[in-house]
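Engineer: Given only the sequences and the hints, what does the whole structure look like? Please build it.
Chains as they are written, first to last, in my numbering: chain A, -6 to 249; chain B, 831 to 1126; chain C, 110 to 333.
Rather than coming from a laboratory, the hints here were simulated on the basis of the structure.
Quantities reported herein were computed from a predicted structural model and do not represent experimental measurements.
Accuracy of the hints is not assured; some may be wrong.
Covered, in the sense of this in silico footprint (three residues per stretch, anywhere, with C-beta under 8 Å from a C-beta of chain C), are these stretches of chain A [said to hold, decoys possible]:
1) 114 to 126
2) 228 to 241
Reference excerpt, derived from the structure (chain A facing chain C, CB under 7 Å, subset only) [to be verified]:
3) F77
4) A179
5) D183
6) G225
Label-pair restraints from in silico Cβ distances [said to hold, decoys possible]:
7) A:I141 - B:H1087: 47 to 57 Å
8) A:D132 - C:K245: 41 to 51 Å
9) A:N16 - C:K129: 26 to 36 Å
10) C:N124 - A:N16: 45 to 55 Å
11) A:N96 - B:I873: 31 to 41 Å
12) B:D861 - A:G145: 19 to 29 Å
We put the CB at the ideal spot given by N, CA and C, even for glycine.
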Amino acid sequence: MIIPLLKVTNLSKSYDNIVGCKNISMSLYPGEVLGIVGESGSGKTTLINCLSGNLEPDRGKIIFNINNKETDFLNISESEKRKFIRTDLAFVHQNPRDGLRLNVSAGGNIGEKLMSVGYRHYGNIRSLATKWINKVEIDKSRIDDLPITFSGGMLQRLQIAKNLITSPNVIFMDEPTGGLDVSVQARVLDLIRSLVNELNLTVIIVSHDLAVIRLLADKMIVMKNGTVIESGLSDQVLEDPQQEYTQLLVSSVLHV
Amino acid sequence: MRKTNNVIKIKDFKVDKGLPFDQEYNFAYLDENTKKMIRRAIIKALCIPGYQVPFASREMPMPYGWGTGGVQVTASCLTKRDTLKIIDQGADDTTNAVSIRNFFKKTSNIKTTEITEKATLIQTRHRIPETPLKKKQIFVYQVPIPEPLAFLEPKVSETIKMHSLSEYGAMHVKLYEDISKNGHIETAYAYPVKTNDRYIMDPSPIPKFDNPKMNNSPAIQLFGAGREQRIYAIPPYTKVKSLDFEDYPFDPFKAEHACDICGSKNTYLDEIIVDDAGNKSFICSDTDFCNKRKNK
Amino acid sequence: MIEVKKVNKSFTLFNQNNAKITVFKNLNFEVNPGEIVALKGPSGIGKSSILKMIYGSYIIDKGAIIINNKNIATLSAQEILKLRKTSIGYVSQFLKVIPRISALDVIMEPLLNSGDNKNNAYKKSIKLLKDLNIEKNLWHLSPLTFSGGEQQRINIARGFIKDLPYLLLDEPTASLDSRNRDIIINLIKAKSNRGVSIIGIFHDEYSRKKLNVREIDLNIETKH
Ligand SMILES: Nc1ncnc2c1ncn2[C@@H]1O[C@H](COP(=O)(O)OP(=O)(O)OP(=O)(O)O)[C@@H](O)[C@H]1O
Ligand SMILES: [Mg+2]
Ligand SMILES: [Zn+2]
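Structural biologist: Next comes the structure, spelled out in C-alpha cells:
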C-alpha cells in the first residue's frame, strides 16, 4: 500500500468569528495533482496557506510523509518547520510579484532558492538558473535582467522556475494564472501541465476556473463556506457532481 | 563610494589639546546605571559573537550619525587608566574624531593618543588600523546599520527569525548579483562576514580590505549602533569569515599603488585630488601608520 | 474480466426541481478476456454512462463493477487513478483537445506518464500514427484544427498506445470513412486477439459484424 504524501485530518482555521476553513480532511499521493475549487471566500486560500505553513490552523493534523519520513507539520519546532518548508515545499503565488524580488535579476531570483538550500558555487548556481530559465521558455539572454522588465506571463514563469529548481516534494499554487490575460494564461497553463507531466510533480492548485482544474488536476475538492462539500476524481466531480452546489458550479461555467 | 573629501592635513599633525576636564559630568558622561546596562549588553554580545543585542540607547550630546552608539560603548568600557585613540576613516584629526576625543577629555580626563600601539581603547569609524591590534586592546566600531539582512528583508521580526534559524541563503544573492553584473564581487564596504561560524554580521562600513583583520584578532571588538539600539561583538581570537562563493573566493582588494608619502605597498590608500588639473595622489588612510613609517 | 453486477444509476438534477433520471436498475453483464461486447440501444439509454461508470467518471449508485478483483464502486480516487494507469484504456466519444500540444505528444503522454522512456514512447507513437494513416505533416500540429475523423483517430491512438487488459470504446468508428474504419476495426481485432476485454459502442452494423461482437441490448437489459 502506498502511504499518502500528505494527510490532513479535521483541519480548522477561523479568523475571529469568521470561518476560514472547517474540518477539512484529505490525502494526497505522490505525483497527484489536487484541484481546489469554490467561490471566493469559500476558504481555498486559507486551506493552502495552512497546508504550506503560511498560516497556523486552530485545530487538526497535517502529516507529510516524504521518503518514508513522517513530518507532523503542526507539531515540529519553528526551525524544523521553516527548514521543511524551504526544502520540501514550494508556493507559487497568484501575483508573481509576491514570490519574486523585483530588485534582483531573474537569475538571482532563481538562484536564491538554491542558495537558501546551501549552494555556494557561483558557476553551478548560474548554470542551473540558466537551465531553468530555458525550461520555462524565457530566453536565456534575459538572465541578468530585472523582473520589472518582464511581462506578466514571463514573471509568472520566472516564479515557477524559482519554485521548482530545488525539486520540492509538494508544490502549492494559488490561482497561478489568475492575474494574467487570457492569451497569456494558456501558455502558463501549458507550461505547468508539461512540467507536471515531465517531473511527476505533486501539486495542490487553487483555482476558480474549472477549465484549469479539468486540464491539470487528477483529483479535486469543492469548497463552500469553509468546508469540503464534494471531492473525488476531477472528471467524476465535473461530469457527475453529486451536490447541488457543484452542479450549479459546473453548469454555470462554459465548457472547454 | 570612496571618500575624497577626507583631505588629511598631514603637515598639521598636532591635534589641539581639547577642552579642560569638566568635573560637573559623571566620569565619561553616562551615569553609572546606564553604563552597567550597556556593559551587560556588551557581555552578552561577547558571549554570542556576532549576535545583535538590543540596548536602551541614550540621548547623547551629539546627533545620530556621529557615532552615538560607539560613544556609549566607549563610555561604558572606559576606566581612568585607559589611553584613548579616536579615528575617523583612519585619521585622528578629522572633525568627527576630534570632537569625540574632546568629548571624552572633557568628561573623563583620560589620556589620549594617536599611536595605535599605545592605546588601550580605540574608537573607529570606517577603518581598522594597519598596525595589528593587540591583546588587552578594546576596539569600538561606530555602526550606522547593524542589520546585514536589512536590504533583503525590511521586517525586523523576520530578520530576527532569519538569524535565529541561520536562514542566510539570501545573503549570497547580493554577491551573485555582483558577479553576474561585474564579473567579480563589487561590494567594497560593509562586506558581510560570518562570525564564529554562526551569525552573519555587518562589520560597519569598513573597506573589505580590513575584513581579514577582524579574524582571530587578539583584541576585543565591539560594535555600537546608537540609532538602531544594537550592540554586537567579536571576542578575541574568533573566526570571522567574509562571505564568498567557492569559485569566487573573497578578495580583500586594494588599489595597485604605493603610498605617495611613506611608500607602503600593503596599506589601504585614500585617493586624493591634489590640484585643479585633477591629478591624483594616493596616501595611507591610516595617518598614524603613515607618519611612523615616514619618520623612520 | 469485467463484471457488472446489479448496478443502478440515476441522476438527480438539483437545479431542475430535483428531477431524477433513472438510467438503469439492476444491470448485469460480464466481459471475458478476448471478448468484444457491444452495448446496443437508442440514444439516451445509457450506453456512454456504463463506460463512464467502469472508468470511474460516473458514480455507481448501487451494485458493483469488478475489474481485477476490485470493485470500482468502492475504490478511492487514487486507487481508480492507479487502475486506469495500469489496466483500463478509454476512448471517449470526442477528443479533448489541449491547445498547443501536438498530436504526437498527445499520443505519447500516457506512455510517458507511466514512466516509459521518451525514445521508446516516440517510436511506438510514430508507428501508431503511421498505422492510423495520419499524414506526417500533422504529427507535430495540435489536433485542434484536425477534421473530425483525424481527431477521432488521434483519440484512438491515445487509448491504444498502451497494452492494457481492458478497453472502453465510445463510438470509435463514428465519423470515419470506410477505409479508416477498417483500419480501426483491425486495430481493435488485434487488441482482442491479445486477450484484451473490450466494451464498445458501435453505431454501425458493419463494425459490429466485422468485430464479431457479443451484443448487449440495453432495451432488454434495463427493462424495469
Ligand atoms: N452527467 C450527467 N448528468 C445528468 N444526466 C446525465 C449525465 N450523463 C448522462 N445523463 C443522462 O443519462 C442518460 C444516459 O445518457 P448517456 O450519455 O449514457 O446515453 P447514451 O446511450 O450514451 O446516448 P448516445 O447514444 O446519444 O450517446 C440520459 O438521459 C442523459 O441525459
Ligand atoms: Mg453516448
Ligand atoms: Zn603612507
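Engineer: Against the earlier hints, flag every one the structure doesn't satisfy and list their numbers going up.
Structural biologist: 1, 3, 7, 8, 10 and 12
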